[in-house]
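Residue numbers (the working numbering): 1 to 400.
No wet-lab data here; the hints were simulated from the structure.
Even for Gly, the Cβ is constructed at its ideal location relative to N, Cα and C.
Do not rely on the hints blindly, as some may be mistaken.
Calculated lysine-lysine pairs in the PhoX-like style (CA-CA distance at most 20 Å, straight line) [what the hints assert, rightly or not]:
1. K300 x K230
2. K247 x K270
3. K230 x K247
4. K103 x K270
With beta-carbon atoms standing in for the labels, derived distance ranges [said to hold, decoys possible]:
5. D120 x N158: 25 to 35 Å
6. D120 x L293: 17 to 27 Å
7. F285 x P72: 34 to 44 Å
8. P121 x G317: 26 to 36 Å
9. E122 x S348: 16 to 26 Å
10. M373 x T290: 19 to 29 Å
11. L187 x L282: 37 to 47 Å
12. V272 x E40: 31 to 41 Å
13. S106 x I352: 32 to 42 Å
14. K208 x S348: 39 to 49 Å
15. N276 x H115: 33 to 43 Å
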Amino acid sequence: MNKILFIFLFLIFPICSIEKRVLFLDKTTRDNLDQAVNAEWTIVGGGPAGITVIGLLLDAGVDPSSIIWIDPEFNVGRIGKYYSTVPANSLTKNFIAYINACKEFSTYQSEAIQHLKECDPEKECVLDLIVRPLQDITNILRNKILSLEDHVEQLNFNNNIWNIHTHNCCFKSNHVVLATGCRPRTLNYIKDKEIQLDVALTKEELAKQIEKNDTIAVVGDKHSAMLILKFLSELPIARIMNFYRSKPIYWTDPGAENSGLSGIAAEWAKEVYEQNPPHNLLKIFSCDETLTLWTALCTKIIYAVGYERNPLPSINGQTTISYDDTTGIVMPRLFGIGIAFPEQYIASNGNIEHKVGLREFSEYAQKVIPLWMQQKKDSVRHLLPFDRLFNISYVCLQRK
């Protein structure tokens with residue numbers, strides 16, 4: 001009886017709230033979900049990369065009812081939760097191009113999307129200009145596909161299919177995409193006095209964390225560090241120490257077209273940091289010796305030293321994995337994309353770099369999703385073991 005009731009609820013009566021198709025499960029339903037649901041695609045992560053993948057899958061003709069989307073909050077990831085007021089390092093036209101690059105998204109209408117399209121395309125903006133449209137797109141997508149407000153805890157590849165274990169349920173999926181995002185990296189100097197990067201990148205929140213007599217260390221020399229140094233220079237504070245590894249690198253410098261400073265951060269670095277630094281700013285070359293010596297004099301510290309991958313679910317018993325950074329392939333029909341799994345490219349100076357950003361995620365996804373879709377349920381048996389998977393799988397896919 002319970003099984004019949006579940007099938008009726010799942011197939012006949014949409015499993016949804018009034019606004020979104022969200023799955024709410026009692027124990028009996030959870031027990032049956034493993035056998036009743038066999039998703040074609042499962043997307044893990046509700047940030048920009050996950051949103052992008054779903055839009056392009058719909059563009060490719062994937063049945064919306066065969067997609068399951070998992071995220072605990074569906075708030076556009078870390079960028080939506082913490083960085084809405086942060087100045088973007090991209091022009092407005094790049095955000096407009098991102099929306100228009102996906103046929104599915106280009107048909108969506110909302111006040112935020114319309115506002116974005118009406119803005120001056122050549123002007124810089126804060127990230128809220130794209131965060132709000134992405135939130136609207138998220139809400140629209142959740143009315144089209146099945147979404148679970150949940151955490152994925154385990155992924156196991158058994159009998160040629162992925163078994164997905166979340167905190168609340170279990171089910172099977174032919175393809176899984178990890179768009180799980182990253183978190184700020186930290187170091188171990190005066191750890192108990194750290195101001196989190198997520199807080200420091202909002203000037204108003206940063207101001208709440210400091211006092212007039214503070215000596216604050218900022219470790220880093222890239223985009224986030226320059227923004228924070230700019231904010232601190234505009235706040236009443238005794239001293240700022242910047243621990244740097246290199247002089248500012250701008251997007252116009254050779255090889256830095258995708259990673260160099262741009263926008264407000266570049267303007268401040270060039271006109272103030274390099275030419276007319278504040279009287280209370282001390283620049284110190286960053287190494288273990290100087291960090292140990294000088295941070296002992298600081299009352300607070302901010303690490304702007306990049307990002308590291310968020311903890312992944314256990315994947316066949318492993319929590320550390322590798323991936324092919326030209327195709328996004330992790331294992332058979334398991335893929336990674338976004339800031340946690342960025343695309344490799346050769347910069348103009350010959351260095352190997354990785355692309356990060358909305359436009360970059362979209363362009364990369366448009367290239368690799370057709371490859372991912374070629375990995376059918378029975379097409380991976382010939383692949384080599386995990387540690388030899390990547391190049392072989394790419395060659396096999398190209399031959400088809």
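_Hint by hint, where does the structure go against what was stated? Just the numbers, ascending._
4, 5, 6, 8, 10, 11, 12
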